[in-house]
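Undergrad: Protein chains in written order, with this note's numbering: chain A, 1 to 359; chain B, 1001 to 1513.
No wet-lab data here; the hints were simulated from the structure. Model, not experiment: these values are computed from the prediction.
Calculated lysine-lysine pairs in the BS3-like style (CA-CA distance at most 30 Å, straight line):
(1) Lys144/A x Lys1271/B
(2) Lys1383/B x Lys220/A
(3) Lys1297/B x Lys144/A
(4) Lys220/A x Lys1405/B
(5) Lys1265/B x Lys144/A
(6) Lys1454/B x Lys1248/B
(7) Lys244/A x Lys1370/B
(8) Lys1329/B x Lys1297/B
(9) Lys144/A x Lys1329/B
(10) Lys244/A x Lys1297/B
(11) Lys1370/B x Lys144/A
(12) Lys1230/B x Lys1010/B
(13) Lys1220/B x Lys1184/B
(14) Lys1482/B x Lys1494/B
(15) Lys1454/B x Lys1383/B
(16) Lys220/A x Lys1370/B
(17) Lys1405/B x Lys18/A
(18) Lys1215/B x Lys18/A
(19) Lys1120/B x Lys1181/B
(20) Lys1199/B x Lys1405/B
(21) Lys1184/B x Lys1217/B
(22) Lys1265/B x Lys244/A
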Amino acid sequence: MHEKTPLIRLSKREDMPKARVWMIRLGAFIFALLIGMLVFAVAGADPIEAYVTIFKAALGKTTGIRQVVRNAIPLLGTALALAPCFRMRYWNIGAEGQITMGAIAASFFAVHCRNMASLPLLLIMGVGSMVLGGIWSLIPALFKSRWRTNETLFTLMMNYIAIGIAAWLIGGPWEGKPGSQIMPVFSSNAVLPKVLGIQCGWIIVLVLTVVIFVYMRYTKHGYEVQVLGESENTARYAGMNVPKIIMRTAVLSGAICGLVGFLIASGTHGTLYSNVAGGAGFTGITVCWLAQLNPFAMIVIALLLGVLTKGSSTLQTSMAIPASITDIITGIILLCMLGCEFFINYRMHFRENHAKEAK
Amino acid sequence: MESVHAVELKGITKRFGSNTANDNIDLYVDRGVIMALLGENGSGKTTLMNMLAGIYLPDEGRIFVGGKEVTISSPKDAFDNHIGMIHQHFRLVDVFTAAENVVLGLDEPGRLDIKAASAKVKEISERYGFEIDPDKKIYDMSVSEKQTVEIIKVLYRGADILILDEPTAVLTPQEIERLFKVMKAMRADGKVIIIITHKLNEVMEVSDVVAVLRKGKHIKTVRTAETDPKELTELMVGRKVELNIDRKTPVDPKPRLTIAGLTVKDGEGVKKLDDVGFIAYGGEILGVAGIAGSGQKELLEAIAGLRRIEEGSIIYSPEGKAPQQIVGKSAMEIKDAGVAMAFVPEDRLGMGLVGGMGMTGNMLLRTWNKGKGIFVDRRAPEKLASDVMESLEVVTPGIYYPVRKLSGGNVQKVLVGREIASAPSVLMTAYAVRGLDINTSYTIYNLMCQQKDKGVAVIFVGEDLDVLLELCDRILVLCGGKVSGIVDARTATKEQVGILMTSVGGKGGKADA
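Input sequences plus hints: build the corresponding full structure.
TA: Take a look at the structure:
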């Protein structure tokens, strides 16, 4: 009679103990590393040696650690920028473009205020990047709150426009050697100073982590965002100005993304590329979700991804394993980490074999 | 040898997460019997029946139909076993006719013969006394007609065992009468009918046996003829209960809200309220009755400033202050002036509460904007949350525990408690007791009465006519967005209100306001 019972059934579970939740997450991470070993083996490398190389390269030397932190800065910054939007259930996936616009604004002042003293110039670049990033993010939010357009597609499309603008600038008005399609490096007064051998952006994003944490948890704005994310009707019922909250939060998010663009352009590259954001705008989404919108957890996730990125470049040079292999492993880790949430939220029931029991 | 039952459940258990919805239930029904499945909300009635209808699979236990053990893992399996369920929410295609909906999803060989289907629908209708036009589109139908289509759909598929989930919730008294007649005709035809309900008077009127569920357990099955509402209530609640409403005569009622010519349209430009006018007095409870969707929700939202008003005026006359026009004011201004709304829409958490927050966060909804600076003040709401938790006996692990995870009754207490704590001079509630157990319902009724005794103008949108007649001082009846009458709740009858619910300006429609 049980032939019709499905093999696996799912049911929702609630309130798993915290310790068990973290055990599952750790388990998923280890599971991902094990699959990663398989990938290395298929690529013809010794899996153990590969992992050792990654972690040695990233954490064994000061230069490695510096590189890891450098990699983590834009990821953490973007994740922080997106957190209020996602809390509001406003799906801003336009961080890539907002970062690019921020970098463009910073480059504009770097090019046109060449002769200013370093500190005021950097301040102007920072503020300018936030303003332009904020405006770039305001456009879809304005349409969303006025005409209820879909922000997901809108913010995504805005990315390509921003990248196009950057490409045009470095190939046209800001081009260095004619025909090079490259912008010359910033003058030294437009480059962010280093602290402990790393561009000082790491201090900025750490301060930002605390600020966003407090903003989301203790301020009126944070409360509004949370209520609106749960139910627009309740927000209206409580007398909140819904369009204003949407636009304000989007601008905040875009401004922080813009600042990240400034940190990358001025601190990391010292110039503008058309792919200046380098995917941070998208990876930041993953960081944000993996951390479940918790700013402090974002630090850990961003550093982990920083380690993998650094490790992959070393693997390529020292073991001749293509960097794309490490990208695959990064993908597997992210998939497992996100996938394990399923096992935290649901319980599986397997079909019981009654015939066996009867024996 | 024991006789074979039409349906028998043995040891049925169903869990959802840590919650056991059905706990080791044994139950049977025989042919030609109407069984009422009685229990409070959350007692597991619908879950149990969903396992007969193929919506859920039991975690443990066995099901026998006609003495044979079966596994029902889909609605199709249910039909193969001649079981059909009429759900609370209809599953019909609006743009199809009755006959088209009936044959929808049937996998019969050959071409679809809609004429033959129509004829068969007619034949079924005549046999059991339905009144239905097989060629009428669903969107032209009343709620009662749609329900009829659902029942015919099930009969057409050859069901001998019919399960009706709260079928009377959406019907007027006259329609309920008609439904019961049909049910009795089906019983005479040897069918098994299981009706899920929590209304005692219906149980007494229509059923042969009553199975009482409480907290997922089957407490007892009794013959209707050998029991009375008092015993059933005790079985349902688990202890003796005193249920009465302390309705006092209003003392010196003064006009609080004077509404005239109120017209409201929905997004598509359809009039939801049409020239509505009445006066709500301080110190009385004004009930609002009507079929679901007659404009009750829009009326409250319009008063609360949450809806655009096309035309009309709402004069608010607070105690000791000059009357003021509140049309055109923002929701915030109206709320601050003392008009509170404990609105409980279809989705309890959809408006008025934030499910993911605890009691404190929800108390904060009223005061989040108070105080200077950028930070929210959580101390006052924390205290309020503790007070409400104590005074209304809210069962929760703590004031920070997400209200979404609380039971319906406790969620409602949080909402009503917060609104009353704001010391309103107008208190509006809609479906305030929907989904609550009997005891909590009466707690809420008596809270309303206390507010009225304090001189608050209470507007109470309700579904249960018996309660409206027992609780309110006057009852305003809405029909299709118009006021079809205002009656004195102390002298009006249920039938009188029922007629007003379906007829604009019907008999007795003389407003005494």
